[in-house]
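In order, the protein sequence lines correspond to chains A and B. Taken in order, the first sequence gives residues 1 to 445; the numbers are from the working numbering. Taken in order, the second sequence gives residues 1001 to 1496; the numbers are from the working numbering.
Worth flagging that the hints you see were computed from the coordinates, not collected in a lab. Among these hints, one or two may not hold up.
Derived lysine-lysine pairs resembling DSS-like cross-links, with alpha carbons at most 25 Å apart [stated by the list, open to error]:
| hint | chain 1 | residue 1 | chain 2 | residue 2 |
| --- | --- | --- | --- | --- |
| 1 | A | K401 | B | K1092 |
| 2 | B | K1094 | A | K396 |
| 3 | A | K401 | B | K1068 |
| 4 | A | K405 | B | K1095 |
| 5 | B | K1095 | A | K396 |
| 6 | A | K366 | B | K1095 |
| 7 | B | K1431 | A | K366 |
| 8 | B | K1094 | A | K401 |
| 9 | B | K1258 | B | K1068 |
| 10 | B | K1494 | A | K78 |
| 11 | A | K405 | B | K1092 |
| 12 | A | K396 | B | K1068 |
| 13 | B | K1092 | A | K403 |
Coverage of chain B stretches by chain A, computed from C-beta distances (three or more under 8 Å per stretch; other residues unrestricted) [claimed, not checked]:
| hint | segment |
| --- | --- |
| 14 | 1280-1293 |
| 15 | 1422-1429 |
Negatives, chain A to chain B, calculated, CB over 10 Å [said to hold, decoys possible]:
| hint | residue |
| --- | --- |
| 16 | R119 |
| 17 | K158 |
| 18 | F193 |
| 19 | K279 |
| 20 | L340 |
The beta carbon of each residue, even a glycine, is placed where N, CA and C say it ideally should be.
Next come the chains, spelled out residue by residue.
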Amino acid sequence: MESFIESPRFSCALGGAIATVTSLPGVIPIVHAAMGCAGNLNSAVYFGGGYLGDGYCGGGHIPTSAVTESEIVFGGAKRLESEIGNALGLIEGRLFVVLTGCMVEIIGDDALACVKTFRDGGSPVISVSTPSFTGHSYGGYELVLEGIFNDYFPAGRKKAGKLVNLFGLVPGYDPFFRGDLAEMGRLVRALGFSANTFFTPDQDFRNLESAPGAALNVLFSPAWGLGFAKRFEALHGTPYWVTNLPIGAAATDLFLKELGRKLNVSQKKVENLIDDENKNYYGYFLRTADVIAESDYKFYAATVTDSAYAAPLGFFLQEELGWVVTDSFVTEGLSEGQRLAVGSAYGASGLGGRLAFETGASQIAKRIAGYQPKGKRGSVFDERVPFFVLGSALEKSPCLKAKAKHLSVSYPLYDRLIVTAGYAGYRGGLRLLEDVVSSLVSAKA
Amino acid sequence: MEGKYYGQKAPPVRENRLNAGDGFAGKCCASLLESGRGGLLTQTCRDFWQGNACQMSLTLMMATTIEKAAIVLHGPVGCGSNMHNLGPAVHKGKKCRGLVPAPLRWLSTNLTEGDIIGGGEAKLMEAILYADREFRPEIIFVVSTCAPSVIGDDADEIVTRAGAGTRARVVLLDCPGFKSRVVASAYDAFYHGLIRYLPLEGGPGAGKKGLGPADGARAVNVFNSTSIGQVDEAEIARLLGELGLRARFYAEYSNAGKFRGLTGAALNVSLCDIHDDYMLGFLWQRFGMPYVMGGMPIGYGGTRGWLESVAGPLGLGREAGEVADREEGRLRATVEPLLAGLRGKRVLSVGGIARVMAVSMALKELGLEPIGFHAYHYDDTAIPLLERTQAELPDLPVAVSSQDFELFGAVRKFGPDLVISHSGTQGLLAKMGVPAIQLYDVDRPCLGYKGLHSLAKRIAFAFANVSFQKRLAAKARFPYNKEWPKHDPYGHIKTT
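From just these sequences and the hints, can you work out the full model?
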């Protein structure tokens, strides 16, 4: 029995699946659940994902069976059938994905059978079982990828050769998913390959269709999508590479070298790219160094993020800013195996902080408060001052109280609007630098 | 009539108690009245639906405002997804009311597959005890959702047992989403929890019926709601103050102590007929407290009618008329020039049934042309307002709809100049290229005379520059196929 959770920073499998489907081009969700699920779960990222908004068929557009007591008692299959039929007639999309909520799973509705009728009739409808009690939003992302790329698209497609798929960032629950994917896509393209980023506005349904022909799947997550990538490889013959999302020049240099090896790109081409990118990156960074050094912007720091961001963010703070990372809180629920994988990715980054799997806002707040001077005269021997927390909006108020600096970079993130911002790669590293230092100098006016 | 529900474990839903329904389209309020009060809407459904809120989400909106309360959400982890939006909203709501804002303290019982099979009761008990220990709240709201309801968890039993050993009062709010398509059921679910698990008398001042200890003014309880901001409360307090009445606001932004003083007022006053009948009926039955439900104080007529409804039972009818005369005289002079160039603009109103009717009548008073409304639901508490609206606007087409595709179709078909609409639809309307304003906004006055002035200002401001909407409309894509706007927007509403 998993315990209760304080202010969880994720929703259920259905919530992650809705966020994923509504961020994919041409893909339409049909939520087989009670009336509120689609709306409530959508608003989790609408607000909490840096005001991600509704998208093409998100928010109040999401078709739902809106089951009531009578469907719970007598079964919801008929209602679902009617919903699918009418959605096909009313909504324009390339693929319709039925997602199931807890109440219809408990009563045993057979969504697959419903969908089969439509599939047999030639309609592009699939069903992905996403009951909330089997996992949370990160698992929901994985289930949708599995359903679309491994179950729906036929195996045995010809390889397109120079194509790379990018996976691992969960829409909305990673508020920077678009900016990060765009930058990673840019770098892959700079090596002479095409990149499927799927979730950025430049993509369309053809990118989904071409995915099985890719030469490599890059998975920017130590904890999520591994099973999906393995099955993808077995079905479509595309090898996968699990790696940290690189943030800043130090990490991205290493990433590009390894990616070049995986894709058999000439060393010279990779080095030229790295040189060009570094010239640009440090052309900006070096001028920023003046204000950082003059103002003594050096901090003890803690990060509060999901597992995909923990090591990369810590690495940037430690390596590029020379800060001392005391804690990296990983906030999404993970299995033992996933924790080990996250731990080893963290260790491999050479990070000296303490990796903690904790989502409770008050527990994290206690830890942060513990670093502040205590006692009547504020004299202690183990204080960590000055302190900076890169976490979610939930950390803002405890940080104010503990006189620690704070920047929202993780879910729930509702004190910033995130549009093109991402922290991955060279451009993302500079963006992070800009956001961190801006948060410090903003106190001057 | 409702008496039978108060003693039950679970609150009723409005479909059963009040003939509630959420699908209808007709020529005028009279046609809705005829179908609604006859129970026809309970037999209505759609063959296509889109996602919306549920009674749980609105119950949470109310519960999160209560001071020194913690929340235990009993369900799978996703049911708490709205809490991250409610946190900042409540923070602001507390701050502007002079209360101490504190981070929302809440737990999810995080029901997993094993709990679904074995039951979630033990976990619920554990979470309640932890919340009591860790957060030291005065009240713990246990919000029970779909999954525990389907598997048969006895949350009432757990709450009662846990409550015997906790420092906090433990209040069950039983509001599984699938039990009602009408989110207004949430109001009853929340009030039912207060009624069943909290002491509502015996606090300081509770016995002094109607006399305020501080200023000698007569106290009246005014029932607020999530859509009513502090600026509206201030306006209502100001108007009641003119009558020598002291307004005490319930139930949002209250606390355990304030609830114990609930009975110390001369009168219970509703600001929205749809919101409060369950609670006010109970307070009448249990404590003999008289109450009034006089519509919403929106517009000249609406505000005057509401003021008179409060003043009447207290023998202040003449004074209320004088206040309304004075305020109206002052306001007309400032409002008239604001809308000078906008007379005859055609306006569609969308949202809660009480508000869309009140706003439609206010629009007529301002010289604009209401062309219809989408009410999010119907139930019998709307009857008096429907009768009044029918008298004022006999040919006003009406729909009962909370559906985006119907709103999309209606806007395309009827081409309003302006839409006054509930939050959650503004993005859609902007992308459709239609000027729109919020039906309510907790940061700006919407009620009383200040509210009417603000409404006129906001309408004029909406027309002042529509470049944003126009540019969006040129680029936006909608998921509906090209044929949809040619069809009857309400064609998917069916009778079972």
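Against the structure, the hints come out as follows:
{"no.": "1", "hint": "A:K401 x B:K1092", "verdict": "holds, 18 Å"}
{"no.": "2", "hint": "B:K1094 x A:K396", "verdict": "holds, 17 Å"}
{"no.": "3", "hint": "A:K401 x B:K1068", "verdict": "holds, 19 Å"}
{"no.": "4", "hint": "A:K405 x B:K1095", "verdict": "holds, 23 Å"}
{"no.": "5", "hint": "B:K1095 x A:K396", "verdict": "holds, 16 Å"}
{"no.": "6", "hint": "A:K366 x B:K1095", "verdict": "holds, 24 Å"}
{"no.": "7", "hint": "B:K1431 x A:K366", "verdict": "violated, 44 Å"}
{"no.": "8", "hint": "B:K1094 x A:K401", "verdict": "holds, 18 Å"}
{"no.": "9", "hint": "B:K1258 x B:K1068", "verdict": "holds, 12 Å"}
{"no.": "10", "hint": "B:K1494 x A:K78", "verdict": "holds, 15 Å"}
{"no.": "11", "hint": "A:K405 x B:K1092", "verdict": "holds, 22 Å"}
{"no.": "12", "hint": "A:K396 x B:K1068", "verdict": "holds, 20 Å"}
{"no.": "13", "hint": "B:K1092 x A:K403", "verdict": "holds, 21 Å"}
{"no.": "14", "hint": "1280-1293", "verdict": "violated (count 0)"}
{"no.": "15", "hint": "1422-1429", "verdict": "holds (count 4)"}
{"no.": "16", "hint": "R119", "verdict": "holds, 20 Å"}
{"no.": "17", "hint": "K158", "verdict": "holds, 32 Å"}
{"no.": "18", "hint": "F193", "verdict": "holds, 29 Å"}
{"no.": "19", "hint": "K279", "verdict": "holds, 36 Å"}
{"no.": "20", "hint": "L340", "verdict": "holds, 21 Å"}
Of the numbered hints given earlier, the model fails hints 7, 14; all others are met.
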